[in-house]
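Number of protein chains: 2
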Amino acid sequence: MLKNDFKITDASGYVGKEVVVKGWVRHIRSSGSLFFIEVRDGTGYIQSVVVKDDVSDEVFENCSKLKIEAALIVKGVIRKEKRAPGGFELGVSDIEIIHNPEEEYPISKKHHGVDFLLEHRHLWVRSSRQLAILRVRSELIRLLRSYFHENGYILIDTPIFTGSIGESAGTLFETEYFDFGKAYLAQTGQLYLEAAAAAFKKVFCFGPTFRAEKSKTRRHLTEFWMLEAEVAFYDSNQNMDLQEDMIHFVISSIVKNCEKELDYLKRDLAPLQRVKPPFPRISYDEAVEMLKKRAFTIDWGQDIGGDEETAISESFDKPVFIYNYPKEITAFYMKPNPEDNKTVLNNDLFAPEGYGEIIGGSQRNDEYNSLLDRIKEERLNPDTYRWYLDIRRYGSVPHSGFGLGIERLLAWICEVPHVRETIPFPRLINRLYP
Amino acid sequence: MLKNDFKITDASGYVGKEVVVKGWVRHIRSSGSLFFIEVRDGTGYIQSVVVKDDVSDEVFENCSKLKIEAALIVKGVIRKEKRAPGGFELGVSDIEIIHNPEEEYPISKKHHGVDFLLEHRHLWVRSSRQLAILRVRSELIRLLRSYFHENGYILIDTPIFTGSIGESAGTLFETEYFDFGKAYLAQTGQLYLEAAAAAFKKVFCFGPTFRAEKSKTRRHLTEFWMLEAEVAFYDSNQNMDLQEDMIHFVISSIVKNCEKELDYLKRDLAPLQRVKPPFPRISYDEAVEMLKKRAFTIDWGQDIGGDEETAISESFDKPVFIYNYPKEITAFYMKPNPEDNKTVLNNDLFAPEGYGEIIGGSQRNDEYNSLLDRIKEERLNPDTYRWYLDIRRYGSVPHSGFGLGIERLLAWICEVPHVRETIPFPRLINRLYP
Chain A
156 MLKNDFKITD
166 ASGYVGKEVV
176 VKGWVRHIRS
186 SGSLFFIEVR
196 DGTGYIQSVV
206 VKDDVSDEVF
216 ENCSKLKIEA
226 ALIVKGVIRK
236 EKRAPGGFEL
246 GVSDIEIIHN
256 PEEEYPISKK
266 HHGVDFLLEH
276 RHLWVRSSRQ
286 LAILRVRSEL
296 IRLLRSYFHE
306 NGYILIDTPI
316 FTGSIGESAG
326 TLFETEYFDF
336 GKAYLAQTGQ
346 LYLEAAAAAF
356 KKVFCFGPTF
366 RAEKSKTRRH
376 LTEFWMLEAE
386 VAFYDSNQNM
396 DLQEDMIHFV
406 ISSIVKNCEK
416 ELDYLKRDLA
426 PLQRVKPPFP
436 RISYDEAVEM
446 LKKRAFTIDW
456 GQDIGGDEET
466 AISESFDKPV
476 FIYNYPKEIT
486 AFYMKPNPED
496 NKTVLNNDLF
506 APEGYGEIIG
516 GSQRNDEYNS
526 LLDRIKEERL
536 NPDTYRWYLD
546 IRRYGSVPHS
556 GFGLGIERLL
566 AWICEVPHVR
576 ETIPFPRLIN
586 RLYP
Chain B
156 MLKNDFKITD
166 ASGYVGKEVV
176 VKGWVRHIRS
186 SGSLFFIEVR
196 DGTGYIQSVV
206 VKDDVSDEVF
216 ENCSKLKIEA
226 ALIVKGVIRK
236 EKRAPGGFEL
246 GVSDIEIIHN
256 PEEEYPISKK
266 HHGVDFLLEH
276 RHLWVRSSRQ
286 LAILRVRSEL
296 IRLLRSYFHE
306 NGYILIDTPI
316 FTGSIGESAG
326 TLFETEYFDF
336 GKAYLAQTGQ
346 LYLEAAAAAF
356 KKVFCFGPTF
366 RAEKSKTRRH
376 LTEFWMLEAE
386 VAFYDSNQNM
396 DLQEDMIHFV
406 ISSIVKNCEK
416 ELDYLKRDLA
426 PLQRVKPPFP
436 RISYDEAVEM
446 LKKRAFTIDW
456 GQDIGGDEET
466 AISESFDKPV
476 FIYNYPKEIT
486 AFYMKPNPED
496 NKTVLNNDLF
506 APEGYGEIIG
516 GSQRNDEYNS
526 LLDRIKEERL
536 NPDTYRWYLD
546 IRRYGSVPHS
556 GFGLGIERLL
566 AWICEVPHVR
576 ETIPFPRLIN
586 RLYP
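Each protein sequence line maps, in turn, to chains A and B. Numbering of the first sequence is given in this note's numbering, commencing with residue 156 and proceeding in unit increments. Numbering of the second sequence is given in this note's numbering, commencing with residue 156 and proceeding in unit increments.
Don't take every hint at face value.
Where chains are identical, the list cannot tell them apart; a pair therefore holds if satisfied intra-copy or between any two copies.
With a straight-line cut-off of 25 Å between C-alpha atoms, the simulated PhoX-like cross-links for lysine-lysine are [as the list claims (entries may be wrong)]: (1) K415 x K264; (2) K369 x K337; (3) K237 x K421; (4) K473 x K447.
Hints listed in this document are in silico derivations from the structure and should not be mistaken for laboratory results.
Please work from the sequences and hints to get the whole structure.
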């Protein structure tokens with residue numbers, strides 16, 4: 156193992172000891188013969204106290220020149236100090252300045268507009284709120300992956316370049332691909348996961364996904380990360396059981412593992428702590444009735460839009476499943492409902508507190524002929540789907556799966572109003588920089 | 156927790172017990188009043204013995220019609236049986252046929268050409284060798300991610316769509332991006348990781364990467380997965396220490412965790428067991444002398460190509476670092492060597508046994524003016540790199556990082572001659588299907 160540097164987050168274990176902190180100036184103020192420098196090192200913050208008599212004249216003099224975000228190596232002794240943020244402070248004996256900016260740091264404590272902040276996203280990520288959100292993201296993804304690995308799933312990285320599209324053709328990014336003409340950027344790894352599920356039974360993928368959708372809402376990115384799972388021999392109900400178990404596992408673990416970050420974000424933990432199975436499961440038919448009673452103008456057969464999503468997810472204090480949507484508004488690969496030929500065996504999962512859809516799942520059509528018919532109905536090229544149809548020719552089994560949008564899940568966990576803060580460098584229809 | 160189905164790989168714990176196996180027929184043979192059906196369930200294989208008198212007439216009769224890859228649910232009792240592959244067999248009491256193919260399975264035990272296999276990759280992944288390789292891939296990625304999480308790194312998913320390219324402009328895929336004209340598909344997340352390292356100090360990313368390179372070698376894919384790490388306050392030597400520690404951790408763990416798979420692949424474990432720090436570190440200067448002595452025609456200043464890579468990696472029985480390459484053949488973001496202005500502070504890591512380069516790393520140029528000069532020299536648009544230059548304006552620190560190509564690493568671990576077998580659905584200059 157490599158020797159690790161001292162981390163501010165470990166300060167409580169170093170009381171009375173000399174440490175070296177490598178970091179950046181977050182805030183500085185002076186008071187006569189004292190400087191209080193708040194230093195961040197990526198793991199936390201520590202108040203570093205510079206007393207004129209404890210350091211060389213040069214070091215003390217340099218303190219007055221330090222700018223926000225100056226890079227430093229600070230030597231000192233960790234002390235308990237109730238009044239310091241975090242409960243510890245650093246009694247400084249030496250400071251080496253690695254880089255003191257010539258200019259003022261563009262992001263100050265005053266209010267900045269969101270366009271300014273997005274334009275400076277490369278610096279904005281250094282802010283406490285962004286550090287907290289992105290730490291939760293990192294932990295959320297770790298937890299999701301470990302859930303699947305520990306439950307016997309095999310990670311299958313599905314291709315980005317594809318000729319076989321899984322969602323609507325109108326929202327595809329495309330690129331020239333050598334002698335083949337165009338390749339499309341995958342909107343889902345599902346079709347490929349289905350092939351892998353016939354090999355490994357339980358599989359998952361986790362990668363970036365692309366939608367050239369001209370949607371400018373708080374729930375849309377053009378590039379986002381999606382976790383998808385697929386299980387052979389699972390029906391639609393088992394698929395919902397799996398989603399429920401996974402969401403319960405990650406939310407209960409996040410509440411434990413990200414206590415500090417959620418506290419900083421002032422997240423009310425009660426709604427997260429209520430996320431325990433079973434989640435309510437209501438049919439599309441029931442959902443339409445519910446919306447009608449709440450004065451929405453929705454007819455059976457119409458999709459459940461953003462406002463309706465919000466209304467449904469506000470009606471429950473847990474995530475809620477809506478299942479078996481009308482065939483006309485669902486994807487070609489979903490299995491027709493044997494008990495009602497107008498619907499399919501699918502589900503959405505809505506997060507509570509108005510956050511709306513976070514998961515879409517379904518049992519897949521495992522019958523060759525009826526799948527081929529649907530492909531033709533959608534005016535997709537059957538030749539492109541030869542391989543996908545093959546899964547139905549050789550040992551076809553009932554199988555189900557789902558896709559989870561990480562940014563929407565994270566927005567709910569952190570109670571962030573817009574998904575643009577839930578990914579390090581958001582891509583929106585009007586943003587490609589930085 | 157969800158109740159899990161029985162898995163063949165757990166058979167040893169179920170001796171004398173009745174189980175239900177859900178899987179597919181790998182092989183079948185009959186012998187008078189017996190059928191031996193080898194069933195695979197994605198976790199392993201079990202010989203299922205059907206005795207005429209133990210099952211209904213219908214079940215016995217159906218056995219004679221079963222085709223390879225038929226999907227079954229088999230009920231029976233697990234027995235110890237030395238002669239059976241794996242040491243256990245299933246004494247069958249009932250079989251439910253879920254799907255019996257009408258056609259013969261296209262992949263048989265005879266030899267198939269690689270084009271045929273790649274064209275049937277969606278079925279080829281069900282073969283034992285491919286199952287083994289992709290299981291090792293899944294475990295390798297789990298181990299790599301856990302190495303970084305456990306060592307305090309934050310996962311930063313870097314964008315795929317970008318205007319700021321990190322490698323050579325000639326090998327970029329591009330796509331129309333709304334009103335912006337073109338966006339490029341990222342060849343590296345490094346530049347973005349550098350911004351994140353100034354926020355979190357230790358960061359990593361892991362995602363698909365794209366190269367429109369017209370290379371048709373055993374080491375090239377147009378789409379591959381890359382792990383990248385970046386650490387603030389690390390110099391080039393610490394960067395190599397990190398790579399060494401990570402490679403040692405994952406290789407020693409793989410040898411333990413993937414014993415069964417590596418055994419199936421007949422992998423000689425000795426070369427993997429020798430992978431212990433320290434790895435030899437030789438300068439580019441020394442490498443050129445070495446190659447000259449071995450009768451390669453290479454002059455100082457030329458890149459180390461495929462054959463030279465092979466020669467170097469065959470000369471050592473451990474991975475070997477080559478460091479400090481000539482400035483002319485390296486990327487604009489690398490830090491000039493303060494002790495030799497003709498070279499930069501970078502490194503490659505070569506796998507042994509002729510597998511060649513698996514890692515490229517460097518200390519990054521952290522000086523605003525000299526970086527800006529290099530950007531201009533490369534005829535890149537400085538305006539696109541404003542944000543990247545900003546990292547050098549506000550708290551610039553020495554920092555280093557690297558990128559590891561998963562498929563090349565996995566090819567070496569599994570001793571696979573061509574990277575096309577190391578990714579579930581390979582994308583090559585002549586392959587976009589399935």
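Q.
Of all the hints numbered above, which does this structure not satisfy? Sort the numbers upward.
A. Violated hints: none at all, because every hint is consistent with the structure.
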